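Q: Following the hints, position chain B against chain A.
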Amino acid sequence: MLNMAVNLDSVSKRFGEIRAVNALSLEIAEGTVYGLLGPNGSGKSTTMKLIMGLLKPDSGRITVCGMDPQKEPLNVKRVIGYVPETPRLYEFLTGMEYLDFIAAIHGIPTEQYMPKVNRFLKAFELSGHENKMIGGYSNGMKQKTAIIGALLGDPELLVLDEPLGGLDSKSARIMKDLLHTIAEEGVTTIFSTHVLEIAEAICDKICILYKGNLLTEGTAEELKRLSDTPDSTLEEAFLKLTNSSDVREIVEALVY
Amino acid sequence: MSFKKALRIADVLVLASIRAKRGVKLDKDGTAKKDQRNEKVFLLGLPVVSAFIYLLLWKGNTPVEVVTSLLSQSLVFLPSFSLLLMVMNGLMFEVSLSSFSTSTDIINWLPIRAKEYVIGSTISAVYFTLPFLMIIYGASLGAAIYAGMINVWLLTFTLSLLGLLIGGFAIEIVRAALNEASSVISKRAGKYGQLAQLVSTVVIIALFSMVFNYQVLLKVMTWFNITVEQAWFVPLLWPSLAVIDILSSEFTGGALYFGGSFIMMVAFFVLGVKARTKYWVPAPLTVTLAPTRQYSNRNGVWSLFGFSLAEQAIISKDFKALFRRREMATFLAIPLMLGAVTFINNDVSSLWDTSIPIFERLGFFLLPGMALFILSFYLALVSVGQEGSAFMNLRVGPIASSSIVKAKAFVGFVPSAVILAGILSVVGYVVKPSLQGMMTIVIVSFATIIEASLLGMVFATRYPDFTEVPRAKFISSEATLLGLKCRNTAGTSR
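The listed protein sequences derive, respectively, from chains A and B.
Residue numbers 2 to 257, in the working numbering, belong to the letters of the first sequence in order.
Residue numbers 60 to 553, in the working numbering, belong to the letters of the second sequence in order.
Next comes chain A alone, as it looks inside the complex (with noise of 0.2 angstroms):
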């Protein structure tokens, strides 16, 4: 039996008026690399954010690596590392000074993370730039170091809201294979996504998120399937499960 890394069990959020997640179940395996998607406002922030402890459910429950995130919010963030949609640095620091300080605040010795940050650096081809001012960074620097500090600590589970976005070619290409080999060695990993390649090239199981609930979820290819589109993108799939198939008719009107 598979060991189970994230448990949501009927969890609900609410905003307000708006339920942002509506009894949401989701079951996300050791080593899996689980892609979320799913429109603007699908709610896709929200459960990651349910995930980390950083919301509380309205209802349901939540484990996360065996814990519950809202009665060990400590422990379930020591295994955890996050990289938020758009990077959240502290652009008054340098990049390594602003890794020192994650490092020490997960309490990961020096000889642990000093090897690591470099590889990394010149894997993201960030040596040479280390001493800058985060200030001063691009956005696709700022996304690699925030990326960086999310590995550091060896997280067991990794959330990774679009991480993608602001990255080049080749640093993206990294960060998918590092996303396997990671997940061989049991590191689970939840990411966001708009992109639909991204997610069926590199996610093992997919779910799609619509207005709150879960639509379904799957493989890119039972996704295919379920769609009625098996010859067809995941892109397709995705339009036409959540009943977005209509594009060409706005785009039309938009354009013409």
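None of the hints are false.
Once the Cα atoms are required to be at most 25 angstroms apart in a straight line, the calculated BS3-like pairs of lysine-lysine come out as:
{"hint": "1", "chain 1": "A", "residue 1": "Lys143", "chain 2": "A", "residue 2": "Lys117"}
{"hint": "2", "chain 1": "B", "residue 1": "Lys337", "chain 2": "B", "residue 2": "Lys63"}
{"hint": "3", "chain 1": "B", "residue 1": "Lys379", "chain 2": "A", "residue 2": "Lys133"}
{"hint": "4", "chain 1": "B", "residue 1": "Lys379", "chain 2": "A", "residue 2": "Lys143"}
{"hint": "5", "chain 1": "A", "residue 1": "Lys177", "chain 2": "A", "residue 2": "Lys117"}
{"hint": "6", "chain 1": "A", "residue 1": "Lys117", "chain 2": "A", "residue 2": "Lys171"}
{"hint": "7", "chain 1": "B", "residue 1": "Lys337", "chain 2": "B", "residue 2": "Lys64"}
{"hint": "8", "chain 1": "A", "residue 1": "Lys72", "chain 2": "B", "residue 2": "Lys465"}
{"hint": "9", "chain 1": "B", "residue 1": "Lys64", "chain 2": "B", "residue 2": "Lys333"}
To be clear, the hints were calculated from the coordinates, so they are not data collected in a lab.
Computed from a predicted structure; not experimentally measured.
A: Positioned in the frame of chain A, the structure of chain B alone reads:
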């Protein structure tokens, strides 16, 4: 050039600045209300204050000669003061802008001519400076009516408005020059460039704050009236020199200085436009700092105070923020400003005069002591909000809220404690109180800044404001007012 576009730019800059400072108030239907406090002061300042001053002088039956003498000094000072205030106001606005805001400045990416931006920016700066000046102009108008000097007042008023515009255009030159200078210095000098920038920012803010201290202002005005005529070659003083010549019935000289002032305003406008066009940098600076040591999160000096590794990391990060973020310079200027005011307003030699009771000599240190209380309070008050959106790093990190609060309260306390230790050494060496007295002073003063820091933390944790653009806000306005009330109560009880 479109003047209409310049007015729209001014409108947006004013709105952005007001909303960043005072927040947005909504109508019942959810639309944003227009904050019209400045307009009200602008319109009512002149008639209300002038009527009040006139009635005051009339009721007190004040001798006209006394009013004439003081008014003449004030009228000479007013045009230069208006210019100076405008420059200081502009510099203050500049130092309080976040670097993100500077790089996303609309001039960088919208089809706006430098001329239009300079005019719009100057009008918005005048908008914020003029209400305060209207009160001063109003006071001088009341006195001028009483003393029968309305003609000279009208001329001074016109020259003051001219001074405002000169100051506004000058600030555009200064901003562009600062922008260029800071990018050159920061790129070449790294850490020392940053330090130089911090020191200059602190000094600017301290000077700006002193402009509003009436005792300092009176001293400067007296000194100004004595020396201004010898500095005729300084174009920035020509508006004041025009008033002096008119007061001495030297109308040719007055007209020349007036004309010169007008030409100078035009010249400053042209230079401001050129400087904006040439030196404006659309991207944030890339500053490289040489690492002073191998990065390591080993236990440092703060561990001596019992802080964990993560708490030490927050302390270290927040100290870097304090000395690297220009928005934080405002707080560092507090002790400098109040310290300078103390030295300007008091006779330092009296400290050594043993004929004066010790209690009175200790009074010399009251204002610097208060400055440290305020510094501790403010550093703690803004400590949570200054994280901005990067607060996410702490939220997702495995660190307890109590550790964050502990570390941040400590950062609020340390700078004041270091300065306090210096002041107490001076007190011990110069005033020489008894051992018992000295111990009481030490205990009470340190307890006071710890209390200020903890008080600040109460509001910082309850009402943080993470807004960063266009200005870093740090704390909600309501919490600032509430906190100030509590701080004053606590301070008075000492």
